[in-house]
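Modelling step: build the complete structure from the supplied sequences, incorporating the hints.
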Amino acid sequence: MGNEMSTVGGAVATAATSVAAGVTFGQVDALNNAVEECAKFTGNAASKTVVRHVGETAGKAVATGAVAVASGVTFGQVDALNQTVVKLASNTAESAVESGKVVGQTANDFANGIPVVGHIKGGIHYALGDKKGGDESMKSASRATGVAIGGVLGAVGGPAGMVAGGIAGGAAMDGITTGVESAIEGKYTPAGQIKSWTEVADGKDPQKIIGGVVGGVMSPVMDGVGGYKAGKRFENRRAGAGNANPARRAAKLAVELGRRAGRGGRSRGSSTNDKDKKKKIKKKN
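Each residue of the sequence shown is one higher than the one before, counting from 77 in the numbering used here.
I should point out that these hints are in silico values taken from the structure, not numbers from a laboratory. A few of these clues could be false.
With a Cα cut of at most 25 Å, we get these calculated DSS-like pairs of lysine-lysine [as the list claims (entries may be wrong)]:
| no. | residue 1 | residue 2 |
| --- | --- | --- |
| 1 | Lys-305 | Lys-215 |
| 2 | Lys-263 | Lys-280 |
| 3 | Lys-208 | Lys-177 |
| 4 | Lys-208 | Lys-124 |
| 5 | Lys-207 | Lys-271 |
| 6 | Lys-305 | Lys-280 |
| 7 | Lys-215 | Lys-263 |
| 8 | Lys-215 | Lys-177 |
| 9 | Lys-124 | Lys-271 |
| 10 | Lys-215 | Lys-271 |
| 11 | Lys-124 | Lys-215 |
| 12 | Lys-207 | Lys-280 |
| 13 | Lys-177 | Lys-116 |
| 14 | Lys-124 | Lys-308 |
| 15 | Lys-124 | Lys-280 |
| 16 | Lys-163 | Lys-124 |
| 17 | Lys-207 | Lys-177 |
| 18 | Lys-263 | Lys-208 |
| 19 | Lys-284 | Lys-116 |
| 20 | Lys-284 | Lys-271 |
| 21 | Lys-271 | Lys-116 |
| 22 | Lys-305 | Lys-284 |
| 23 | Lys-116 | Lys-280 |
| 24 | Lys-207 | Lys-263 |
| 25 | Lys-284 | Lys-215 |
| 26 | Lys-208 | Lys-284 |
| 27 | Lys-208 | Lys-271 |
If you're wondering where the values come from, they're calculated on a predicted model, not measured in any experiment.
In structure tokens form, the structure reads like this:
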């Protein structure tokens, strides 16, 4: 999902810088260059998305089928059509392979970002001697855990608290990971949002600067969404556990029956008093 988020963030950045360049009538070179670099970043990220690869494969497959039909209609007598079918089929196969890689990477990233699942996956990577894959899984799963815990702790403050908790949890895990990694590597090794803003601060490569800004902005947004979801799940489960408690249900039922009985008693008492009043009036008359 990283490329999808980068594409969205890059598109927003491109639109914003384009508006700014338009307002200044293209007279500010820095803004013009920013538009160009943002557009490059967005295009590069979009070219790596699942949607792009799957769409390209599907389009080539349709084209291959159409040309194959045309070749069949002409009974294979047109060499140009026959060659086109072969070339399109080859291109479709290549696109399918690339699509498979991108889909696999996306699925891998998704699994890494699930607490517990990502940790187990990281352990498997380590067991197989894949330290890099293990580190990626562990970091991603731990960060997601921090976001979820932040959302749950923030539930006391309602939806806003859940969002704030998720953002704080993600930022805290980035800080912890940066500290631990830097201590292990013996040099400054930023992670998450800290890495994004470090790339912006370095200011060497325009593409890295844009990527840093997009990452630094989109990460808290996604952390807030994750914290809110975790907080809502916690609240729903707590409410469900309360309703499933037999003793609590019995107590609520007893209170409700008592209220109804009280209302009924008052109603009967009032009707009896009304009858007595009517009798007294008849006797007087």
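Okay, the hints, checked on the actual structure:
Distance check on the hinted pair: Lys-305 and Lys-215 sit about 20 Å apart at the alpha-carbon level, within 25 Å; holds. Annotation: proposed proximity of Lys-263 to Lys-280 holds, straight-line Cα distance about 20 Å (limit 25 Å). Between the alpha carbons of Lys-208 and Lys-177 the distance comes to roughly 18 Å, so the proposed pair stays at or under 25 Å and holds. Restraint check for Lys-208 and Lys-124: the C-alpha separation of about 21 Å stays at or below 25 Å, so the hint holds.
In summary, the hint linking Lys-207 to Lys-271 is supported, as the alpha carbons are separated by about 20 Å, within the 25 Å threshold. At most 25 Å may separate the alpha-carbon atoms for a hinted pair to count; Lys-305 and Lys-280 exceed this at roughly 37 Å. The straight-line distance between the Cα atoms of Lys-215 and Lys-263 is roughly 18 Å, inside the 25 Å bound, and the hint therefore holds. As the CA atoms of Lys-215 and Lys-177 are separated by approximately 22 Å, the hinted pair is consistent with the 25 Å bound.
Our distance criterion of 25 Å between C-alpha atoms is met by Lys-124 and Lys-271, whose separation comes to about 21 Å. Between Lys-215 and Lys-271, the direct Cα distance comes to roughly 13 Å. Compliance with the 25 Å bound is thereby established for this hinted pair. The suggested pairing of Lys-124 with Lys-215 holds, with an alpha-carbon distance near 23 Å, which does not exceed 25 Å. Between the alpha carbons of Lys-207 and Lys-280 the distance comes to roughly 29 Å, so the proposed pair goes past 25 Å and is violated.
The suggested pairing of Lys-177 with Lys-116 holds, with an alpha-carbon distance near 23 Å, which does not exceed 25 Å. Between Lys-124 and Lys-308 the alpha-carbon distance is near 33 Å, which puts this suggested pair outside the 25 Å criterion. Annotation: proposed proximity of Lys-124 to Lys-280 holds, straight-line Cα distance about 23 Å (limit 25 Å). Distance restraint check for Lys-163 and Lys-124: the Cα-Cα separation of roughly 23 Å lies within the 25 Å cut-off, and the hinted pair is therefore satisfied.
Distance restraint check for Lys-207 and Lys-177: the Cα-Cα separation of roughly 21 Å lies within the 25 Å cut-off, and the hinted pair is therefore satisfied. A distance of roughly 18 Å separates the Cα atoms of Lys-263 and Lys-208; the hinted pair therefore holds under the 25 Å criterion. A C-alpha spacing of about 12 Å is found between Lys-284 and Lys-116, which places the hinted pair at or below 25 Å, so the restraint holds. Of the supplied pair hints, the one linking Lys-284 and Lys-271 holds, its CA atoms being roughly 11 Å apart against a limit of 25 Å.
Note on Lys-271 and Lys-116: the hinted pairing holds, with a Cα-Cα distance of about 21 Å set against a maximum of 25 Å. With a C-alpha separation of about 31 Å, the suggested pair Lys-305 and Lys-284 falls outside the 25 Å cut-off, and the hint is violated. A C-alpha spacing of about 16 Å is found between Lys-116 and Lys-280, which places the hinted pair at or below 25 Å, so the restraint holds. With a CA separation close to 19 Å, the supplied pair Lys-207 and Lys-263 stays within the 25 Å bound.
Between Lys-284 and Lys-215, the direct Cα distance comes to roughly 21 Å. Compliance with the 25 Å bound is thereby established for this hinted pair. Proximity of Lys-208 to Lys-284 is assessed by CA-CA distance (about 22 Å); at most 25 Å being required, the pair is judged to hold. Using a Cα cut-off of 25 Å, the hinted pair Lys-208 and Lys-271 holds, with the two alpha carbons roughly 17 Å apart.
Violated hints for the displayed structure, listed by number in ascending order: 6, 12, 14 and 22.
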